[in-house]
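**Q** The chain contents come next:
2 protein chains.
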Amino acid sequence: MIKVLDIRIEKTTSPKEKPDANHLDFGALFTDHMFVMDYDINKGWYNPRIEPYQPLTLDPSAMVFHYGQEMFEGMKAYKGVHNEVLLFRPEKNIERTNKTNDRICIPKIDEEDMLQAIRTFVDLEKDWIPEADGTALYIRPFIIATDPYLGVRPSNTYKFMIIACPVGAYYTEGINPVKIWVETEFVRAVPGGVGEAKTGGNYAASIKAQMKAKERGYTQVLWLDGVERKFVEEVGTMNVFFKIDGEIITPELTGSILAGVTRNSVIELLNQWNQKVTERRITIDEIYEAHKEGLLEEVFGTGTAAVISPVGELNYNGNIITINNNEIGPLSQQIYDTITGIQTGAIEDTFGWTLKV
Amino acid sequence: MIKVLDIRIEKTTSPKEKPDANHLDFGALFTDHMFVMDYDINKGWYNPRIEPYQPLTLDPSAMVFHYGQEMFEGMKAYKGVHNEVLLFRPEKNIERTNKTNDRICIPKIDEEDMLQAIRTFVDLEKDWIPEADGTALYIRPFIIATDPYLGVRPSNTYKFMIIACPVGAYYTEGINPVKIWVETEFVRAVPGGVGEAKTGGNYAASIKAQMKAKERGYTQVLWLDGVERKFVEEVGTMNVFFKIDGEIITPELTGSILAGVTRNSVIELLNQWNQKVTERRITIDEIYEAHKEGLLEEVFGTGTAAVISPVGELNYNGNIITINNNEIGPLSQQIYDTITGIQTGAIEDTFGWTLKV
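If you read the protein sequences in the order shown, they are chains A and B. With numbering that gives the first Met the number 0, the residue at position 61 of the first sequence is 60, and numbering never jumps. With numbering that gives the first Met the number 0, the residue at position 261 of the second sequence is 260, and numbering never jumps.
Fair warning: there could be bad hints in the mix.
Just so you know, same-sequence chains aren't split out, so a pair can sit in one copy or run between any two.
To be verified - 30 Å max Cα-Cα, derived BS3-like pairs, lysine-lysine: (1) K207 / K158; (2) K213 / K10; (3) K213 / K158; (4) K213 / K125; (5) K91 / K211; (6) K178 / K355; (7) K158 / K178; (8) K178 / K17; (9) K91 / K291; (10) K98 / K17; (11) K158 / K15; (12) K275 / K42.
The hints are simulated quantities; they were obtained by calculation from the structure and are not laboratory data.
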């Protein structure tokens, strides 16, 4: 017997006007509806519903405001080449939701329920998926602790919600490599901490380094490990890959790195292409050494927002290196074209990554 | 010229009934009013007001729900022996507020404004301060990021609020020492991170270890450092002190430990008493070694809620030691009596710690 969530749907009576698909800001305009499901320690998850997008009303003592017990996911829905609605590996985001929940003591969500919630919500909002090249509907599932209580313990009540916003093409004039600041003062995460979990505190902790990089003219930071301060971990809010002398290397998941869905997809793609890809610890010194010997071919970040973000420059303690003449490398371009092609149905999906809504 | 905040006050028309001072739960019942002040990047902090305690209304995309940009403080107001209202070192909490704000990119609050906000609010709620021995009014200032925006950056808008709840005596039947689990798997904080800041993410990250300790019959965890995993940092949400062979030792503030107000008060008190107190790094092995040699006299945590919390038992990888026969030590008792005496005006305050509202 397949369990089916009984989702009550209340449609808006005042739909918003759809925005100009050529001028979409990321994360600022939301669709007409939101999915909401409540949790109570005595009832479990209950009352799944889709309502008109509207403000939340919470007690000032709600635990989410004080103790950061909150998690989120990020994924995209695409309008396919045959006008179908496609999700990209939603099961990976759902799996990670429960990993995050486990780490910060939020109750598990049934994986099938969550998938059904996403599908039902996206189907209702499908007219919000922009159709211009490179655009998508960004989907944000999140959970917040709602107990009106001051004291550090797991909340007994939560809200699971899904909201969405149409997002423009990440690259409008071709892919421009970014300049990255190698951060040596601030640390993002450490083994035994919550770096593997997609929880708010990781992002609050990252803002100061990000601002410091921006003030110096850099787009983002490259994080080093918090113990020895020499192993590369992530770039901004993305995973990172290096191509050195033909070999592709990405930091292995040692407990303080977020297991990105795009990271995993890039590895699987490279395996299919019979390209050697190695998950291992790599020091910033090894990268600079490879550059010195002329072996550092490409560097790129991977994430849901940009898919692939080439790195054109690194600044480590004032030592600046330029990568691939500050241009996107052929491998980065090939990966970008293939993954975005699969996401929109333009390239055949031999992996089973896309899911029709 | 003294700048004075123009606080608009709207009193409740339906005051709640005051609770029985002998049966107060911590953190569950709030007073009649709340202080609110807004921030906008173009206006600074504005519209300070006291309103009836009521729910907050926020967009589901409000940044606090997603990226954990939030901070809080905790302090107490006491009804003094001459019926006066006393605050304990509020300037320390205000100073720490801005240290936390700086670390997670929340705009600074004027220190005099914040003190005036606390005093005005506490004065209005003074009938809520319970009078029974050991009771107090717990005051919770906090700030949340309110921009309706998905994307990692500092918010452009915030709410600073103060809420309060009457709290019962922490110890109702004498001070019972607690059993503490030395945590070796999970890590609270690391230098370069946000361990020094009073921000929500630190608390979300701590819950899993706390639950693990409770399942094993322990009240709280003793945190070890995140780099070498051997230096003692904090106990639960408190700072920690050891008395070894007549010397009092507390971990020095190396960047991953919260600078507690009670911690600082204990050090100043011990200095006044000409007791040798040393701030330095101390390993868990050194503590076990001292116990073996019969030199570990007392262990206690310090924090706003309990003031002093004696530790009666430690469990480190299954090695259990009992401290001072599982009784509160004479020094712990003397510190507790003196600080709580000063807080309520029963003992003369030669430090200038208390502030009359």
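**Q** Does each hint fit the structure? Answer for all of them.
**A** Hint-by-hint comparison with the structure:
1. K207 / K158: Classified as both: same-chain Cα gap 29 Å, cross-chain 20 Å, threshold 30 Å.
2. K213 / K10: Neither: 42 Å inside a chain and 45 Å across chains, both beyond 30 Å.
3. K213 / K158: Answer is between: at 25 Å across copies they meet the 30 Å cutoff, but 35 Å inside does not.
4. K213 / K125: neither (36 Å within a copy, 47 Å between copies)
5. K91 / K211: between (33 Å within a copy, 27 Å between copies)
6. K178 / K355: neither (37 Å within a copy, 54 Å between copies)
7. K158 / K178: neither (38 Å within a copy, 34 Å between copies)
8. K178 / K17: neither (34 Å within a copy, 59 Å between copies)
9. K91 / K291: neither (38 Å within a copy, 51 Å between copies)
10. K98 / K17: Neither: 35 Å inside a chain and 43 Å across chains, both beyond 30 Å.
11. K158 / K15: both (25 Å within a copy, 28 Å between copies)
12. K275 / K42: Result: close neither inside a copy nor across copies, 49 Å intra and 55 Å inter.
Hint check: violations occur at hints 2, 4, 6, 7, 8, 9, 10, 12; the rest are consistent with the structure.
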